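S.K.: Chain by chain, the residues run as shown.
4 protein chains.
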Amino acid sequence: MEADIHVLTTGGTIDKVYFDRLSEYQIGEPQIGQVLREVHVAFSWEIESILRKDSLELTDADRALVRERVAASRCRRILVTHGTDTMCETARALGGLPDRTIVLTGSLAPAVFKSSDAVFNIGFALACVQTLPPGVYIAMNGRVFDPWKTRKNRAANVFETIPDDPGAPRSDRA
Amino acid sequence: MEADIHVLTTGGTIDKVYFDRLSEYQIGEPQIGQVLREVHVAFSWEIESILRKDSLELTDADRALVRERVAASRCRRILVTHGTDTMCETARALGGLPDRTIVLTGSLAPAVFKSSDAVFNIGFALACVQTLPPGVYIAMNGRVFDPWKTRKNRAANVFETIPDDPGAPRSDRA
Amino acid sequence: MEADIHVLTTGGTIDKVYFDRLSEYQIGEPQIGQVLREVHVAFSWEIESILRKDSLELTDADRALVRERVAASRCRRILVTHGTDTMCETARALGGLPDRTIVLTGSLAPAVFKSSDAVFNIGFALACVQTLPPGVYIAMNGRVFDPWKTRKNRAANVFETIPDDPGAPRSDRA
Amino acid sequence: MEADIHVLTTGGTIDKVYFDRLSEYQIGEPQIGQVLREVHVAFSWEIESILRKDSLELTDADRALVRERVAASRCRRILVTHGTDTMCETARALGGLPDRTIVLTGSLAPAVFKSSDAVFNIGFALACVQTLPPGVYIAMNGRVFDPWKTRKNRAANVFETIPDDPGAPRSDRA
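Protein chains in written order, with the numbering used here: chain A, 711 to 884; chain B, 711 to 884; chain C, 711 to 884; chain D, 711 to 884.
This is chain A alone, in the form it adopts within the complex (with noise of 0.2 Å):
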């Protein structure tokens, strides 16, 4: 892996499109490769397809491949798209790991929509990929979130810090 930025995706939200013969809505092809191409970065990535499916979905042996796939790479700086209601499961899942700096992050709406938080998000985690030092990180809503303090608040569609608890395990980075 020489790239730049490794991208993972293992679907979600920013993933999804309809298909009118199933009349149903499902995982389609990664989008982050199609919003790359748009903008013209300066930088080198692959991206690697693992997994297509909504994050409530996913399995421990799920999580067990997207670690296993992380660790494998020979790329430092390692992107994860993934569906918003497990994505701070999967990032704690991927504690530990020396060396790299993985950043998750996803869409409240499908990347094909015409209003959609998908390419401001890409464009977030990306930056964040590049400038924060080696841990796991949530890029959601225009912030950083630390995975062991934070949780999605599914009422307001946002995520959010969970409040403070001395007995609460400790970050990735402290």
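Worth flagging that the hints you see were computed from the coordinates, not collected in a lab. Everything numeric in this text was worked out from a predicted model, so none of it was measured. Ideal Cβ positions, reconstructed from N, Cα and C, are used throughout, including at glycine. The reader is advised that the hints may include incorrect statements.
Stated by the list, open to error - Only pairs whose alpha carbons sit at most 25 Å apart, straight line, appear in this in silico SDA-like list of lysine to any residue:
hint, chain 1, residue 1, chain 2, residue 2
1, A, 824, D, 825
2, D, 763, C, 758
3, A, 763, A, 782
Claimed, not checked - Distance ranges between label pairs, derived from CB positions:
hint, chain 1, residue 1, chain 2, residue 2, range
4, A, 775, B, 861, 37 to 47 Å
5, B, 744, C, 738, 24 to 34 Å
6, A, 778, D, 754, 36 to 46 Å
7, D, 739, B, 744, 14 to 24 Å
8, C, 861, B, 727, 36 to 46 Å
Chain A is already provided as a structure; the job is to place chains B, C and D on it using the hints.
M.R.: The following block gives chains B, C and D in isolation, referenced to the frame of chain A:
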């Protein structure tokens, strides 16, 4: 009803949106109003949302309701937005209403998508409803179809004329 | 020319793009081809780019060229994309060509914009060219206009019918 | 200024819109506000429009104004949207202001275009302004550039690092 054109919406792919909190894909608000507001059309229109269903789920009672609303309209030019799967069937259920130009349209991709036939089809159908004589028409794929001689080819995802059969029922406009 | 519809492009706002290297805004490639490819229309078409001008810059020689190309077409259904400022003037220069339905359209916002009337107008005009009898028509703002009785209201940025004048020249189709 | 991020807008391609009534292309309202409203970011922001110019037209007095507004800000994280042609020059004019992370971004295609780098660049720059230490940075083409070592390659339409020159002035952050 004093508007130039009466728009009845019944649901279908054209109005499908994605609800991330539910992680599913459902019929949302009629999209045609948003389209008409963006374009600054020089005719008056009124939108009436009568159903919000995938057209595969429409019942005989639903079709009777559509016919009742079309018959009750004080407008002679009526556009019906509808799912594509049973659009021809609903169109045929609107036969025999005098003095009305009734055009059905919809889309193969949701209107909220960046790439969709929805806006094109709405423009096309709104010309048909103003230029065609009384009768019932399907306006899809950039063509005007006679519902009594048309079917949706699901494999190719296009509407097409059914090859002639001397014993077929006559068109509403014949 | 064996296509169902012959499209002649002359430039205008619909085809305007932005060239950052020049820091200016110019007529680019005809946009209508991209629109037709996205929609999967069920008719055949051929595009001929004959001019790339803002319509305020069109000369009598340019209009003679448009008339010559329309007259030379072997197709009876002809769509002309054109700038809006002198669309009515060009339309009138196309009067008296027998056996042809000629429709002019364009847009008030460039087709490359997120919010534009271009796709709607193209859909609308393509229905007009298939449904209207021989003659010359303006298809703008979701309405069909007679070029001999129409003007662009620049202040309101819409096309409108010129109030009746008993001494006005007769329509091409009267 | 109590917002997390202070956004100063100066014009440039990112804010260019098309005025059909004038048949020309000018700097419009700042587009970044619309982008931020669509994305539902979880930080507070304030937008201040200080100039509306193509960056080739910026004068020394304009740059002095930008510096004055940055220096006057009570916010430590400041994003400046700017035309690309002289972005590096303005960035260098912002050197030496203590305790501020200042990021300049813009776009090669207007934000109102269907295909534009604007939303990606805004997302990227907003991560930079939150993650980078005090200093002045260019965020373009998906990379962070040091304004004292960067130029816009107009032929290739990308930003690039100027090859090392032992006698070059030192970076603001060195």
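S.K.: Compare the structure with each hint and give your call.
M.R.: Status of each hint after checking the structure:
{"no.": "1", "hint": "A/824 with D/825", "in the structure": "holds (11 Å)"}
{"no.": "2", "hint": "D/763 with C/758", "in the structure": "violated (38 Å)"}
{"no.": "3", "hint": "A/763 with A/782", "in the structure": "holds (21 Å)"}
{"no.": "4", "hint": "A/775 with B/861: 37 to 47 Å", "in the structure": "holds (44 Å)"}
{"no.": "5", "hint": "B/744 with C/738: 24 to 34 Å", "in the structure": "holds (27 Å)"}
{"no.": "6", "hint": "A/778 with D/754: 36 to 46 Å", "in the structure": "holds (40 Å)"}
{"no.": "7", "hint": "D/739 with B/744: 14 to 24 Å", "in the structure": "holds (21 Å)"}
{"no.": "8", "hint": "C/861 with B/727: 36 to 46 Å", "in the structure": "holds (40 Å)"}
Of the numbered hints given earlier, the model fails hint 2 alone.
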